[in-house]
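Read in this note's numbering, the sequence shown has 689 at position 689, and its numbers run on one by one without any break.
It should be emphasised that the hints constitute simulated quantities derived from the structure, not laboratory data.
All of these numbers come straight from a predicted model, not from anything done at the bench.
Honestly, I wouldn't trust all of these hints.
Derived Cβ-Cβ restraints for the label pairs, each shown as a range [what the hints assert, rightly or not]:
id, residue 1, residue 2, range
1, 609, 520, 51 to 61 Å
2, 622, 65, 55 to 65 Å
3, 520, 80, 22 to 32 Å
4, 231, 360, 50 to 60 Å
5, 709, 154, 21 to 31 Å
6, 493, 619, 53 to 63 Å
7, 243, 480, 15 to 25 Å
8, 64, 238, 40 to 50 Å
9, 513, 709, 14 to 24 Å
Under the rule of at most 20 Å between Cα atoms (straight-line distance), these lysine to aspartate or glutamate pairs were calculated in the DMTMM-like manner [as the list claims (entries may be wrong)]:
id, residue 1, residue 2
10, 509, 490
11, 578, 564
12, 310, 262
13, 308, 360
14, 479, 360
15, 112, 436
16, 509, 575
17, 405, 360
18, 165, 311
19, 520, 497
Backbone N, C-alpha and C fix where the C-beta goes; we use that ideal spot for every residue, glycine too.
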Amino acid sequence: MRPGSSRRAPRSPPPGANSLGHSRRPCGILRERGGPGCPSRVADGRLGPNRYTARVPDFELVAPFEPTGDQPTAIARLTDGLERGLRHQTLLGATGTGKTYTLAKTIAKHNKPTLVLAHNKTLAAQLYAEFREFFPNNAVEYFVSYFDYYQPEAYLPRSDTYIEKDSSRNDEIDRLRHAATHALFERRDVIIVASVSCIYGLGAPVDYGATVLRLRVGGQYRRDAVLRHLVDLQYQRNDQSLTRARFRVRGDTLELQPASEETLVRIEFFGDEVERITELDPLTGELLAERKETNVYPATHFVTPADKLKEAIVDIEAEMEERVGQLEAEGRALEGARLRQRTTFDIEMLRELGYCTGVENYSRHLARRDAGSRPWTLLDYFPPDWLLVVDESHMTVPQVVGMYKNDRTRKEILVDFGFRLPSALDNRPLTFEEFEATVHQAIYMSATPGPYELERSEGHIAQQLIRPTGIVDPPITVKPTDGQIDDLLEEIRGRVERGERALVTTLTKKMAEDLTDYLKELGVKVQYLHSEVDTLERVAILRDLRLGVFDVLVGINLLREGIDLPEVTLVAILDADKEGFLRSAWSLIQMSGRAARNIGGEVIMYADRVTESMQVAIDETARRRGIQAAYNIEHGIEPTTIVKGIHDINERLRAVAESTVVYTSERDGRDGRDGREGREGRVFNDADRAKVEALVGRMEAEMRAAARELEFERAAALRDEIQQIRLRVLEQDASVTVARAAERAASQAAGMSRGGLTGAADRNRGRRAAEA
C-alpha cells in the first residue's frame, strides 16, 4: 500500500510470511531454485560480504587481437598489484596505446565488480560502447545524470531573486541507471561506466532491495497484494498505454514494463497461482522468451517504507519548529514564516502522496541518517571488494574534489534565508575524503596523471607508450596567428580531399560558433561541440564525424580526453600561446593525442610565441616519438592507421522498433500495394552507388510531390528514410575510406617513420620555403 494511503490494509499474512504469501528475505529475493542470492548487509545498511548460492559468472573478454607492445607488461603489473592488495596504481599511457583494452584485460583477470569513472558524459558513452564490445556476455551498464536540462534551486540575496528548481529528465538514461543498480543486486560480473553523478545521493540500498517484488511460476500470491506492492514500488496503473514503470491488468493477466528493462513482462494468474511468466516486445506484442521467475525493482531509487516515512515526518516537523524558533529569536520573522509555509506544504504532500517536489532535501530524515552523515550513493550498491577505474584521472579527480564545495555554497544561502531546513545540507555529494575512504582498490588511467595519482600510487606506475599499430606521436608545428584562419582553411581542404577529418579547438564558445559559421559559408562541412549540446547529441555528432557526414569538428574543452577518432589527421589549436587552464602543458598534450590514431596525424599550434606550456608539450611529444620510433625500428614494425568499427550508443539508448513501415514509389512496388515494400533488401545487397543515388533521387521527387499535396506525414516518412539510406551508405563506405586514407598517409609517413623525427621538420621547412 502506498505510504500515507488511507486504503484498508490487507488481511494479515501468516507468521513469518509477507503480504505476498512467501517467506521474508533480507532484500525480497528468494534464494531457492538455484537463483542468484542477494548481497547481505552490515548493520548500517550498506552492502556487506556477498554470499551467492548460484555459480558466479566470470568476465569473458571478447577481442579479435592479443596484447602487443608494452601492453602485456602493463597488464601483468596492474594485475599483480591488485592481487597483492595495492590500493592505488596508475596506468600512464599515451593516447592510442590501447589503455582501454589493457584495463579490460586487467578487469577480466581480476574478476571483481568494477566502476569506471569518467569526467564527462561523452567520454562515459564512448567507454560504455567499448566495454560492451569487449564484454558482450557480461553486465556492462551506464550510470550518468538523467537530466537533459537542470536548473538547481537557488536564491540571489543581492537582487532578492528566488530561482525554482527546473529540470528535464531523459527517460532512457533513467532506465539505464536502474539497470545498473539492478545488475549489482543480482550478479558479480558487472562493469558500470559512470560520470561524477555516482557520488550524488541515491536511495539506501537496504530499502531499495527490501522492497523488490519477486514472482515465480508455481508460486502462490494474492493478486490484489501484488498490485498494491507495485503501487508501493511507485509503479502507476495505466490500462491504455503501457510504458516504463507502468502496469495494466486484464482479467487474470498482469502486464508491466520494469523500470530497468525495455521489454514487457506478462504474468498470468490462475486463481492465486502464477501460471506463466513471459517476456514480450512492447511494440508488436511478440513473444520473446519464457521466464521461470522475475524480479521487479522499484521505479525510483528513493523508496521509503511506510513506517520510516511516518518517523521522518515527525522529525521534519520537529526540525521545522526548532529552526523557525531560532529565526524568530534573531528577529527574522519573514524568513521564519517562509520556512514554515514551505515545509508545512511539503509535509502534507508527503503524508498524502508519499513524495513532494524537492523531496531529496529531506533525504536525511527519510533515510534515517544522523546529521552530518554521508549520503547513500551508487558506491554503496557495490560489494566491499569492488574495483575503481578512474579514466583521464587528471581531470576526473579534481572534478570529484570540487563537487561538495560547489553544492554546499548554494545550499547554505537557501538555508540562511529560510527556503530550506538545515537538514537540506545533508543532501549532497560525497566529500573527497568520504569518496576516498569508500574505495577498496583503484587504478588511475591517464596520459598525463596529476600529482594526487602519482603520490597515492607510491611508484606503482605502469607505463604504456608503444601503440599496437606502430604509430608514433604526431609532429607539432607552430605557426603565427597572423592569417591563421586562411592557413587553417587551406589545411582543412587538403584533408577533406583525402577523405580525412580535422579537429579545431578554440578558447570560447562564441569563437567556436563564429568559426563554424564562417567555415560553413565557405562550403566546409563543419559542426561544433560544446557543453550546451545534450548528452545523446554529442555522441551522434562524434559518430557523424567518423562517418563523413561532416569533415571538421570545432570545440573548446571537449576535444581532449578520450575522444577516439581514427579518421582525424589534423588537430589545429588556435591561440595556443594563451596561458591558462585550456592551454596548459597537459591540455596541449591531450589535444595533440587526438591525432595519434592515424599515421598521417599532425598538430598545428597557432601562436606568436612559444610559451613554457607549449615547450613542455613539444619536448614530451618528442621524447615519446623517439621511444616509439626506436621500438618500431628494433622490431621491424611498419605503422598502420587504426581501423575501428563505428558504434553508436544511441542504438541502445533509442527504444524504437527496427522494423518500420517503409514507403516506396508506386513504380517500385512489386505487387501494387501502394508500393509499400522494404527497400533495404533490394538496394543494399548488390546495388552500386549509382543505383542508390537514382533511388534517392526518385524518393526526393516523391517527397516534394507529397508535400505539395499536403501529405506531410508521408513526406516526413520519406525524408527520414532518405536520411537513413544515406547513413547506411556512409556506414558501408566508412571502413573503405579509412583504409584508403591510411594507405595514402602511409606513403607520406614512410619517410618520417624511417628517418626518425627529422621528416616532419624537413617537410615543414620545405613548405615554408615554397611559400616564401
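Hints, verified against the model:
At about 31 Å, the CB distance of residue 609 to residue 520 disagrees with the hint of 51 to 61 Å. In this structure, residue 622 and residue 65 break the distance hint of 55 to 65 Å, their C-beta atoms being roughly 29 Å apart. The given range of 22 to 32 Å is broken by residue 520 and residue 80, whose C-beta atoms sit roughly 53 Å from each other. About 21 Å separates the C-beta atoms of residue 231 and residue 360, a value inconsistent with the hinted range of 50 to 60 Å.
Take residue 709 and residue 154: their Cβ atoms lie about 52 Å apart, and the range 21 to 31 Å is violated. Distance hint for residue 493 and residue 619: a CB-CB separation of about 31 Å, inconsistent with the stated range 53 to 63 Å. Judged by the Cβ atoms, the range 15 to 25 Å given for residue 243 and residue 480 is violated: they are separated by roughly 58 Å. For the hinted restraint 40 to 50 Å between residue 64 and residue 238, the CB-CB distance of approximately 46 Å keeps it satisfied.
Separation of residue 513 from residue 709 is about 38 Å and departs from the stated range, judged on CB atoms against 14 to 24 Å. Proximity of residue 509 to residue 490 is assessed by CA-CA distance (about 23 Å); at most 20 Å being required, the pair is judged violated. Taken as a hint, the residue 578 and residue 564 pair is broken in the structure, with Cα atoms around 26 Å apart against an allowance of 20 Å. Among the hinted pairs, residue 310 with residue 262 is inconsistent with the structure: their alpha-carbon atoms are about 34 Å apart, more than 20 Å.
The straight-line distance between the Cα atoms of residue 308 and residue 360 is roughly 15 Å, inside the 20 Å bound, and the hint therefore holds. Proximity of residue 479 to residue 360 is assessed by CA-CA distance (about 53 Å); at most 20 Å being required, the pair is judged violated. With a C-alpha separation of about 19 Å, the suggested pairing of residue 112 with residue 436 holds against the 20 Å cut-off. A hinted pair counts as satisfied when its Cα atoms are at most 20 Å apart, and residue 509 with residue 575 qualifies at roughly 14 Å.
With a C-alpha separation of about 18 Å, the suggested pair residue 405 and residue 360 falls inside the 20 Å cut-off, and the hint holds. Simply put, residue 165 and residue 311 have alpha-carbon atoms about 27 Å apart, too far for the 20 Å limit, and the pair is violated. For the suggested pair residue 520 and residue 497, the alpha carbons sit about 16 Å apart, so the restraint of at most 20 Å is met.
In summary, the numbered hints that this structure violates are 1, 2, 3, 4, 5, 6, 7, 9, 10, 11, 12, 14, 18.
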